[in-house]
Amino acid sequence: MYQRKSNLSNLVIMALDCLSIVISLMLANYLRNGRVFTSDNERMDFGLMLGACLTAFLVLNMYQNLYRDMFHRGPLRDMIYIVAGNAFLFGGAIVFLYFVNRVEAYSRLVWIYFLTLDCVLMFIGHRAFKRCLPSLYWRLGQARKILLVADREHSEELLEEVKKTGGFLYDLEGIVVIDDPQCTSVNGTRVAVKPEGLIGYCQSASLDEVFIAVNQNRHPNILQSMNILSEMGISIHYQIPIPALQGAGQKFLSQIGPFYMVTYANRIGAPGQLVLKRLMDIVGALIGCVFLGLITLVFAPLIKCESSGPVFFSQKRVGRNGRVFHMYKFRSMYADAEERKKELLAKNEMQGLMFKMENDPRITKVGAFMRKTSLDEFPQFINILKGDMSLVGTRPPTLDEFARYSPYHKKRLSFRPGLTGMWQVSGRSDITDFEEIVRLDVEYIDQWSIGLDIKILLKTLLAVLGKRGAK
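Numbering (the working numbering), first residue to last: 246 to 716.
What the hints contain is simulated information worked out from the structure, not anything from laboratory work.
Since the structure is predicted, the reported quantities are computational estimates derived from the model, not experimental observations.
Take the hints with a grain of salt, since some may be wrong.
Listed next, the in silico DSS-like pairs over lysine-lysine satisfying Cα-Cα at most 27 angstroms (straight line) [said to hold, decoys possible]:
no.: 1; residue 1: Lys561; residue 2: Lys549
no.: 2; residue 1: Lys610; residue 2: Lys522
no.: 3; residue 1: Lys439; residue 2: Lys549
no.: 4; residue 1: Lys408; residue 2: Lys390
no.: 5; residue 1: Lys390; residue 2: Lys631
no.: 6; residue 1: Lys561; residue 2: Lys522
no.: 7; residue 1: Lys631; residue 2: Lys522
no.: 8; residue 1: Lys439; residue 2: Lys390
no.: 9; residue 1: Lys617; residue 2: Lys704
no.: 10; residue 1: Lys439; residue 2: Lys574
no.: 11; residue 1: Lys549; residue 2: Lys522
no.: 12; residue 1: Lys549; residue 2: Lys390
no.: 13; residue 1: Lys574; residue 2: Lys522
no.: 14; residue 1: Lys631; residue 2: Lys610
no.: 15; residue 1: Lys522; residue 2: Lys439
no.: 16; residue 1: Lys522; residue 2: Lys409
no.: 17; residue 1: Lys561; residue 2: Lys610
Cβ pair distances, simulated, as ranges [said to hold, decoys possible]:
no.: 18; residue 1: Pro486; residue 2: Leu321; range: 31 to 39 angstroms
no.: 19; residue 1: Val267; residue 2: Cys428; range: 20 to 28 angstroms
no.: 20; residue 1: Met307; residue 2: Lys561; range: 41 to 49 angstroms
no.: 21; residue 1: Asn462; residue 2: Val528; range: 48 to 56 angstroms
no.: 22; residue 1: Leu519; residue 2: Arg288; range: 23 to 31 angstroms
Even for Gly, the Cβ is constructed at its ideal location relative to N, Cα and C.
Please build the complete structure, drawing on both the sequences and the hints.
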């Protein structure tokens, strides 16, 4: 899924600027009058002035994207934009107040205090936001992992423009020079793989997006490679030649420097829905962690008494677009379960890359009960809180499963893995074909919405309660 994070950051900084307007106006009233307001008339005047200022500011943002290149502005240029925005805000508010015949209700000193404070607070807010957001992206692992694919003609320019434009949004994994197999680096950036190994590299690597700037007439095979990459669920930005016309200065395509690109993606997630999904994850994980603490108090002694080994089991799993993370569970098997798995492969009841066995001798008695009641899954709320997983998503494969994936299989990893998902609520115990599981996961990705997540969560809750009620 392609996530338009730049739009989301614009919404956040716009909200901060609106907050700055509110705070500045309250301080201006306090500095001028020794109070914000003490009567209903003063409250009405304050609300009218605040509404006029916010309306003028939002109208300005509708017609002029004030934050288009904010992360590339220096302090002086940033202040110029802020002062110009406040000048428009002042003019728009005055026009509005004139037509409602309330201009005389506001002291000129209030306006001076307000505009001065607003410029200062906005400037501080912008500088703090630009300083904190990049480190926050990196700490939370939200930077998009990207690979550049270019011919020798475009490689250096594309690399420099991505570095300059992408900033903290991108984590550059490397570059592939499609017509120079001997090239090992471009301006200090390593060549990730030789041209013939592009598909294999993308299938096994952790990648979110691929930027392609290649002359298709000279390299017609690039289209076939793009088709395979799209099967993996990787978002593709493909440079297309756009002529510059002197009489038409505007073009409506994604742009990185002089490169105009069309973006291909399995889904383009609306920022608001993605934020809501993450908020649901955090709230759900916090509630789940409370129950996790209670369950640990009861079952930790039982797990330790029945067999030696740790209470919690940690296993490397493959998450969103190939990222490897440690998934946590209550230990439901004997300590030597991984070694004994090789002996049981012949009894695998699943068709395909997964392993499942109904009467698995490696499972302890306490573990069998926890699995039947889904209590062993509760430590995964820690993974959800960390951002490795989501409440609803696709099943995270093990490393050995992932190593045998085809390009189509990798598409199911284009979404954050989940504690539950389409497969689990579609009769998990009855599905023995791995390809059917992949089909359900891909169907979930293609149809994803907040409503679908809520529906799956409700079905999961009913299934778990029904399972416990039947015991």
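Here is how each hint holds up against the structure:
1. For the suggested pair lysine 561 and lysine 549, the alpha carbons sit about 23 angstroms apart, so the restraint of at most 27 angstroms is met.
2. Of the supplied pair hints, the one linking lysine 610 and lysine 522 is violated, its CA atoms being roughly 36 angstroms apart against a limit of 27 angstroms.
3. This hinted pair does not check out: lysine 439 and lysine 549 have alpha carbons roughly 51 angstroms apart, beyond 27 angstroms.
4. Between lysine 408 and lysine 390 the alpha-carbon distance is near 13 angstroms, which keeps this suggested pair within the 27 angstroms criterion.
5. This hinted pair checks out: lysine 390 and lysine 631 have alpha carbons roughly 18 angstroms apart, not beyond 27 angstroms.
6. The straight-line distance between the Cα atoms of lysine 561 and lysine 522 is roughly 24 angstroms, inside the 27 angstroms bound, and the hint therefore holds.
7. A hinted pair counts as satisfied when its Cα atoms are at most 27 angstroms apart, and lysine 631 with lysine 522 qualifies at roughly 14 angstroms.
8. Distance restraint check for lysine 439 and lysine 390: the Cα-Cα separation of roughly 19 angstroms lies within the 27 angstroms cut-off, and the hinted pair is therefore satisfied.
9. A hinted pair counts as satisfied when its Cα atoms are at most 27 angstroms apart, and lysine 617 with lysine 704 qualifies at roughly 17 angstroms.
10. The suggested pairing of lysine 439 with lysine 574 is violated, with an alpha-carbon distance near 40 angstroms, which exceeds 27 angstroms.
11. At roughly 36 angstroms between alpha-carbon atoms, lysine 549 and lysine 522 are farther apart than 27 angstroms, so this suggested pair is violated.
12. Taken as a hint, the lysine 549 and lysine 390 pair is broken in the structure, with Cα atoms around 41 angstroms apart against an allowance of 27 angstroms.
13. Distance hint between lysine 574 and lysine 522 is fulfilled; the C-alpha atoms sit about 23 angstroms from each other, no more than 27 angstroms.
14. As the CA atoms of lysine 631 and lysine 610 are separated by approximately 30 angstroms, the hinted pair breaks the 27 angstroms bound.
15. Simply put, lysine 522 and lysine 439 have alpha-carbon atoms about 38 angstroms apart, too far for the 27 angstroms limit, and the pair is violated.
16. With a C-alpha separation of about 31 angstroms, the suggested pairing of lysine 522 with lysine 409 is violated against the 27 angstroms cut-off.
17. Only pairs whose Cα atoms come within 27 angstroms are accepted, and lysine 561 paired with lysine 610 is accepted, the gap being roughly 24 angstroms.
18. Hint check: proline 486 to leucine 321, Cβ distance near 36 angstroms, so the stated range 31 to 39 angstroms holds.
19. Our hint of 20 to 28 angstroms for valine 267 and cysteine 428 is violated, since their Cβ atoms are close to 55 angstroms apart.
20. Distance hint check: the CB atoms of methionine 307 and lysine 561 are about 48 angstroms apart, consistent with the given range 41 to 49 angstroms.
21. Distance hint check: the CB atoms of asparagine 462 and valine 528 are about 53 angstroms apart, consistent with the given range 48 to 56 angstroms.
22. With their beta carbons about 38 angstroms apart, leucine 519 and arginine 288 fall outside the hinted range of 23 to 31 angstroms.
In the structure shown, a violation is registered for the earlier hints numbered 2, 3, 10, 11, 12, 14, 15, 16, 19 and 22, in ascending order.
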